[in-house]
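There are 2 protein chains.
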Amino acid sequence: MQNFIFHNPVKILFGKGQIAKIPQEVPQAAKILITYGGGSIKKNGVYDQVKAALQDFTVLEFGGIEPNPRLETLMQAVKLARQENIDFLLAVGGGSVLDGTKFIAAAIPFQGDPWDILAKKASVTAAVPLGAVLTLPATGSEMNSTAVVTKEETREKLYFSSPLVFPKFSVLDPEATFSLPPKQISNGIVDAFTHTVEQYLTYPADAPLQDRMAESILQTLIEEGPKTIAHPTDYTARANVMWCATMALNGLIGAGVPQDWATHMIGHELTALHGLDRGQTLAVVLPSVLEIKRDTKREKLLQYAKRVWGITQGDEEQIITEAIARTRYFFESVGVPTRMSAYDVSHETIPAISDRLKNRGMVALGEKQDITPQVVEEILTLSI
Amino acid sequence: MQNFIFHNPVKILFGKGQIAKIPQEVPQAAKILITYGGGSIKKNGVYDQVKAALQDFTVLEFGGIEPNPRLETLMQAVKLARQENIDFLLAVGGGSVLDGTKFIAAAIPFQGDPWDILAKKASVTAAVPLGAVLTLPATGSEMNSTAVVTKEETREKLYFSSPLVFPKFSVLDPEATFSLPPKQISNGIVDAFTHTVEQYLTYPADAPLQDRMAESILQTLIEEGPKTIAHPTDYTARANVMWCATMALNGLIGAGVPQDWATHMIGHELTALHGLDRGQTLAVVLPSVLEIKRDTKREKLLQYAKRVWGITQGDEEQIITEAIARTRYFFESVGVPTRMSAYDVSHETIPAISDRLKNRGMVALGEKQDITPQVVEEILTLSI
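Just so you know, the sequences run in chain order A and B.
FYI, the numbering for the first sequence is 1 to 384, going by full-length UniProt numbering.
FYI, the numbering for the second sequence is 1 to 384, going by full-length UniProt numbering.
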């Protein structure tokens, strides 16, 4: 096991009716800015629950945070929060609203241009405290300290992390997600699955508990994912998928083990150039990464095949092939196509992506740092 | 899944050489009281590492915290800390030192008799911050907010919990545990295993991720436990057992599921009356609890048999019998006898324990609250 530091102070309030407990978690007499996205929370009752819970507080609102939240939008919220001396931010939404609100939290007290937090890794020394009400199980942002923000002007999509932007609390009420469009649930399942795989399918590191915990998340997603797609208001299935998505990226399964993240890095480019949803890009890229890196990932792929998929028949190559095929089929079965062609993305994008990565100075990706731009092209070629 | 709140802000520094990082985790210019037990840390080098790390701080010491830490001893530390205006406590030891130090932390600012925190559940509104250097993988105290303290005068062994006594950080260096006596490692394995079982072997609660994570800990202990007994300086095996013990009682696997804890409650009495180590009492009591409650625990026992032990042959009764037998054999195989007779405890203690429980007003234990004093007698009779 590698040395590690694990620290995750987020308080999780999980279950039915937990939104009503928010007043106990917010500082007394706080002036609160509620942040949200396109307004779906006003249709599904979540907004009303939040407003009812906060009736004794001074509350302002900032809506319109878009998927892949934009610096330009978020800076409007920063301006409002500064003018109004906001003491607490409450993000109500999915990963984009949460990520955007983490940026707002760090940007409010920042001296200088807040984009430097991402572009120049400027140090975050203060942040307005924030909480979250999660309405979309997917990114894990509700229980980590990372945020991804896009600068529209330059089409840069960058991230930052700071312990100061851990949510003080996150409310996870599965019922608050019942009315989501099926596509978002499908993407969320692929997102959680791929987060787990990025921290698991690398090379053995003598960390059997972390391995088994990762396998636990994958098995549970395989079992509960199709149920929650078929029965969106089945509380149990939705609750289990929701908890899996949180556990997939709260730092625990990645503690003390090597990590990959090539699939995410390549996927970013498909979003930037073609507007694919994050889950869609992961479904397209992951099976091909596993195929191209089957030799360096061999031992873990065999373990994955056996423990997660129960594959025991065949020689090693056949077992690995079957495990990758099952992964692809799982993504398709929950409604996320795994081929670029399904999204009208042609082979012409492949050198463009490779060039973008080279131009940003990327040498190589992956847990072995051996996925060069050339290998990225091979991966994407397999994904056509 | 049941509603739950999960909150665990302890920062874990895991691995070789992490003691050297303590200065970054302690408030600047803090006046620190180091607490420890019988002095083994002075023989195995841990004391020297801690002192070297803290060379720029003002450091006082309080040694002599005994196993099952006593109020009478701890109050001496409270007196010293008050006199010296201590700002930070650093517990260096196993679960007893950590538990004792949590009590010291809460007692220092307490108005009135600090024993009321345990005996009258007096509310803890302040505590001196504490950190920990763990030298014995077993109790999980390094990553939770609970402490058990014994009042020698009245032979009461009580616990308290408060979020204020979460360690700010815990250093887990497997090498710091290499020189432990084999018996303590054996007990620690049984302790971690039983902590996990208390939160897992109850009844199904539609929480498959929690189930699988519990099974992950059990499987890893079964795999790594015997290795670390046979090869005490095998870093990997010790690291894995250590991380299992922490994960077994940090609140995660118990989130959203029913819990038992009858084995611990009955075990306490064997310690109080006969001085058995905690791990020893758990090894004696657990197999009999599973046997006596095989009907109410049936579904989970079958799942345990299949997933943890790989038992598939036989009818349901045979499968459950085999799973319980394997549990007993596992405890014996890591060096912890599972019969009262092995500790020279006779059947005469059985009504005495039952009476003690009745006299303290106990009606029933277990996840179904159906383990009455009469059932406790049946359980102990099976354990002779």
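Please note that a few of the clues may not be correct.
One copy or two, either will do: identical chains are not told apart, so a pair holds if it fits within one copy or between any two.
[As the list claims (entries may be wrong)] Cross-link-like lysine-lysine pairs, in silico, DSS-like; alpha carbons within 30 angstroms at most:
| # | residue 1 | residue 2 |
| --- | --- | --- |
| 1 | Lys306 | Lys151 |
| 2 | Lys368 | Lys306 |
| 3 | Lys21 | Lys368 |
| 4 | Lys79 | Lys11 |
| 5 | Lys120 | Lys51 |
| 6 | Lys368 | Lys51 |
| 7 | Lys168 | Lys21 |
Bear in mind the hints are in silico, worked out from the structure with no lab data behind them.
Model, not experiment: these values are computed from the prediction.
How the hints compare with the structure:
Proximity of Lys306 and Lys151 under a CA criterion of 30 angstroms is satisfied in neither setting, with 43 angstroms inside one chain copy and 52 angstroms between copies. Taking CA atoms no more than 30 angstroms apart as the test, Lys368 paired with Lys306 passes inside one copy only; the shortest distance there is 23 angstroms, against 36 angstroms between copies. In this assembly of identical chains, the alpha carbons of Lys21 and Lys368 lie at most 30 angstroms apart only when taken from different copies (28 angstroms versus 45 angstroms within one copy). Taking the shortest Cα distances, Lys79 and Lys11 sit within 30 angstroms of each other inside one copy (28 angstroms), while across copies they are farther apart (34 angstroms).
Taking identical chains as interchangeable, the C-alpha atoms of Lys120 and Lys51 are never at most 30 angstroms apart, the minima being 37 angstroms within one chain and 38 angstroms between chains. Taking identical chains as interchangeable, the C-alpha atoms of Lys368 and Lys51 are never at most 30 angstroms apart, the minima being 49 angstroms within one chain and 38 angstroms between chains. Proximity of Lys168 and Lys21 under a CA criterion of 30 angstroms is satisfied in both settings, with 13 angstroms inside one chain copy and 26 angstroms between copies.
Violation of the numbered hints given earlier is confined to hints 1, 5, 6; the remaining hints are satisfied by the structure.
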